[in-house]
Amino acid sequence: MSGLSGLVRRSVLVAGLGILSFTSAQPAASGPDAEAFTQNLINQGVAILRETGDPARRTKFRAFIFQYADVERTAIFTLGNYKRSASEAEIADFVTAFREFATATYESRLAQYKNQSLKVTGSVDNRPGDVTVNTVVVDRSAREPLRIAFRLLGGSSAYKFVDVQVEGIWLSIEQKEQFGSFLGQNNGRLPRLTTDLNARTQRILNGMR
Amino acid sequence: MSANKKLLWAMATTALLLVPTIAIAEEPAGSDAPKVAPVVTTQDIQTQDANDPFEGGNRVMFDINQVLDEVLLRPVAVVYRAVLPDFAQDGVRNFMNNLNSPVIFANDVLQGEGDRAGTTLLRFGINSTIGVGGLFDVAKEFDLPYHDEDFGQTLGTWGAGEGPYFYFLVMGPSNVRDFTGFVVDRGLDPLTYVNWGDDDLEYVPLGRTVLNVIDLRARNIDTLDEIERASVDYYASIRSLYRQSRADAIRNGAPSTDLPDFESGGGISSPSPISQNSGAE
Chain A
1 MSGLSGLVRR SVLVAGLGIL SFTSAQPAAS GPDAEAFTQN LINQGVAILR
51 ETGDPARRTK FRAFIFQYAD VERTAIFTLG NYKRSASEAE IADFVTAFRE
101 FATATYESRL AQYKNQSLKV TGSVDNRPGD VTVNTVVVDR SAREPLRIAF
151 RLLGGSSAYK FVDVQVEGIW LSIEQKEQFG SFLGQNNGRL PRLTTDLNAR
201 TQRILNGMR
Chain X
1 MSANKKLLWA MATTALLLVP TIAIAEEPAG SDAPKVAPVV TTQDIQTQDA
51 NDPFEGGNRV MFDINQVLDE VLLRPVAVVY RAVLPDFAQD GVRNFMNNLN
101 SPVIFANDVL QGEGDRAGTT LLRFGINSTI GVGGLFDVAK EFDLPYHDED
151 FGQTLGTWGA GEGPYFYFLV MGPSNVRDFT GFVVDRGLDP LTYVNWGDDD
201 LEYVPLGRTV LNVIDLRARN IDTLDEIERA SVDYYASIRS LYRQSRADAI
251 RNGAPSTDLP DFESGGGISS PSPISQNSGA E
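Chains A and X, in that order, are what the protein sequence lines are.
Take the first sequence: its letter number 100 is residue 100 in this note's numbering, and every next letter is one higher.
Take the second sequence: its letter number 142 is residue 142 in this note's numbering, and every next letter is one higher.
The set of hints was computed from the structure by calculation and includes no laboratory data.
Some hints here could point you the wrong way.
Chain X residues, not near chain A, derived (Cβ > 12 Å throughout) [what the hints assert, rightly or not]:
| id | residue |
| --- | --- |
| 1 | 115 |
| 2 | 130 |
| 3 | 157 |
Chain X stretches covered by chain A per the calculated footprint, using a threshold of three residues with CB under 8 Å from any CB of chain A [as the list claims (entries may be wrong)]:
| id | stretch |
| --- | --- |
| 4 | 236 to 247 |
| 5 | 250 to 259 |
Note that this is a predicted model, so its numbers are computed, not measured.
Just so it is clear, CB atoms sit at the ideal spot from N, CA and C, and this is done for glycine as well.
Throw the hints in and build the complete structure from the sequences for me.
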């Protein structure tokens, strides 16, 4: 049961965060610079989330996500090898569906937001232009602090947040395994996954109304 | 039933569950869409990525568990959460964690984690006394936070691979390594033997297990609902969450070196970390 206990505890923010990927035209940096860049983005996001009396909060946060999201890169990663058997048009439709699905998932959790914040605790330079920035969720009501890490990739001109890890669970891997399993049972037909994502997005949005 | 008989029953049941089953059909009935040959077969996906060669049988167990959860466990958990105030639920959780201290301590030692073993020992002493039999986590206030260990993690630190993934009836997700660890942990647990020679205590281990499950389910009603709603394949989602979660537990939360490979858009890369930074203030 201990494994299952750990699983569900780690799942708390996996469900909440959905797919969060950010991009920015910031100069390339490593270590402390990447941490400062991450903390700055977190502060921006949290500032929007705390405007609880603002009826436009959801719209603002959606715009914030869209401004910094590199959804296409994340979406294509989650397809794994199945992308090779899909046409460009099918992939484009999937990326659009994935973007809406990820945003709706996050919006759904936004309604349950409870004044949580994130604090940068350190980073790991994986290789040149590849940094993982570690944070913890500051939440007085939580029994234990939750660990969240952001993966930054970038060359000489830009850094990109391409993945989020919650309590040791990379969201991109979880999505990739889900989609791979779904496609495996549907003969690799990407349009079926796109249709399912669109329907699921609609149900999530209906549930918020 | 004696503890030995219970163990034999558990092993026999497990042996039955381990029998390979035929994989589910890939082609949905009634489909008239043109067939497109997949680049990677389902078997390849499962073998290479999910480590789930018995997926067909596992999904059957998963579906049965879903029904049991819907008609029994979830309703009980909803009532449990509604009736017990938060502080009482915390007390139950603290009590259960404290009862598991001997198993955690043993695995701390087996992993050579002296500091963590000391923490577990101190926690057990403080919470069992000042904490009123473990109902209150007083040790946390002394900077002795709770941590979990089990023999599955111990095997992992010794270099044992996880083995094929299994989804068990009632017990849920596991694998060969973790199930072996589960059996050994029961042997390390003093409560396993509490009813030996005393039939009046026969239901103590079972009662603890049932309460553990209800408490765990109650604390995650909303979370699991959310995951299920957002998953295109709930079974695969749980499998991935479980496997990644266990890998993280074995590392004790240390950064992983097997990172998603976004460069190729495919699998997992294994970069050599250049440096670790302490964090910007």
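Hint check against the structure, violated hint numbers in rising order: As far as the earlier hints go, not one is violated by this structure.
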